[in-house]
Amino acid sequence: AAGVIQSPRHLIKEKRETATLKCYPIPRHDTVYWYQQGPGQDPQFLISFYEKMQSDKGSIPDRFSAQQFSDYHSELNMSSLELGDSALYFCASSRGEGTQYFGPGTRLLVL
Amino acid sequence: KQEVTQIPAALSVPEGENLVLNCSFTDSAIYNLQWFRQDPGKGLTSLLLIQSSQREQTSGRLNASLDKSSGRSTLYIAASQPGDSATYLCAVWAGGTSYGKLTFGQGTILTVHP
Chain B
6 AAGVIQSPRH LIKEKRETAT LKCYPIPRHD TVYWYQQGPG QDPQFLISFY EKMQSDKGSI
66 PDRFSAQQFS DYHSELNMSS LELGDSALYF CASSRGEGTQ YFGPGTRLLV L
Chain F
9 KQEVTQIPAA LSVPEGENLV LNCSFTDSAI YNLQWFRQDP GKGLTSLLLI QSSQREQTSG
69 RLNASLDKSS GRSTLYIAAS QPGDSATYLC AVWAGGTSYG KLTFGQGTIL TVHP
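Quick mapping for you: the protein sequence lines, in order, are chains B and F.
All letters in the first sequence, in the order written, are residues 6 to 116 by this note's numbering.
All letters in the second sequence, in the order written, are residues 9 to 122 by this note's numbering.
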């Protein structure tokens with residue numbers, strides 16, 4: 006069965022650089038969620054989209070923005086990267102109010 | 009603000025034992041609860057989802073129960089195997105204006121030794 010696809014899987018950036026993470030949800034899933042998991046931490050909700058509209062916003066810094074496109078894929082844009090942004094970034098998708106399925110994550114390292 | 013707590017933080021058992029992982033949440037107004045498994049440095053694998061109107065869900069050797077009024081859920085693993093070693097996370101799904109937002113517990117690190 007198709008799963009959530011995230012790219013890239015690993016990313017190394019310098020401080021103050023910009024990064025773009027991509028997420029391709031499971032086919033026919035209409036909702037995408039982004040989570041950030043710091044080392045040894047539980048995942049923290051960042052933002053979600055339902056039918057290409059932002060549905061909820063969590064602890065997402067103003068330096069980050071995201072959107073969901075017409076083909077339902079989503080991108081998380083991160084600017085002015087800081088050392089503390091180093092984390093595992095997960096995308097999840099669901100069909101309406103069903104189970105959230107998580108992608109393998111993008112591991113971001115900011116040097 | 010919803011807070012999710014998992015007990016114990018770590019658990020080490022011999023192969024074959026039955027075990028229970030506990031999850032508690034402070035706000036009982038949840039939409040559903042989901043249990044995940046995470047292997048080191050890997051993604052989250054959904055194990056079970058329990059709707060707020062349900063009492064339990066079963067999948068193979070796993071059984072999850074939900075007592076919404078008391079803010080508790082348990083994950084029961086029968087006949088544990090070394091391959092079950094992982095971190096187990098519970099997450100509650102808020103409804104209403106926070107549609108879909110999952111709030112996670114800190115996880116229980118499970119080690120099953122042969």
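Since the hints were derived computationally from the structure, they do not count as laboratory data.
Even for Gly, the Cβ is constructed at its ideal location relative to N, Cα and C.
Check the hints yourself; a few may be wrong.
As the list claims (entries may be wrong) - Computed footprint of chain F on chain B, listed as stretches where at least three residues anywhere in the stretch have a Cβ under 8 Å from a Cβ of chain F:
no., region
1, 27-40
2, 49-56
3, 68-82
4, 100-112
As the list claims (entries may be wrong) - Ranges of calculated distance between the beta carbons of each label pair, as one might list FRET restraints:
no., chain 1, residue 1, chain 2, residue 2, range
5, F, P90, B, G43, 24 to 30 Å
6, B, S75, F, E23, 49 to 55 Å
7, B, G8, F, G91, 15 to 21 Å
8, B, G43, F, G68, 39 to 45 Å
9, B, R21, F, K50, 40 to 46 Å
10, B, Q59, F, S54, 38 to 44 Å
11, B, S85, F, Q89, 45 to 51 Å
12, B, T23, F, S77, 43 to 49 Å
13, B, S75, F, T66, 23 to 29 Å
Okay, the hints, checked on the actual structure:
no., hint, verdict
1, 27-40, "holds (count 3)"
2, 49-56, "holds (count 4)"
3, 68-82, "violated (count 0)"
4, 100-112, "holds (count 10)"
5, F/P90 x B/G43: 24 to 30 Å, "28 Å, holds"
6, B/S75 x F/E23: 49 to 55 Å, "50 Å, holds"
7, B/G8 x F/G91: 15 to 21 Å, "20 Å, holds"
8, B/G43 x F/G68: 39 to 45 Å, "32 Å, violated"
9, B/R21 x F/K50: 40 to 46 Å, "30 Å, violated"
10, B/Q59 x F/S54: 38 to 44 Å, "24 Å, violated"
11, B/S85 x F/Q89: 45 to 51 Å, "46 Å, holds"
12, B/T23 x F/S77: 43 to 49 Å, "47 Å, holds"
13, B/S75 x F/T66: 23 to 29 Å, "39 Å, violated"
Violated hints, in rising order: 3, 8, 9, 10 and 13; the structure is consistent with all others.
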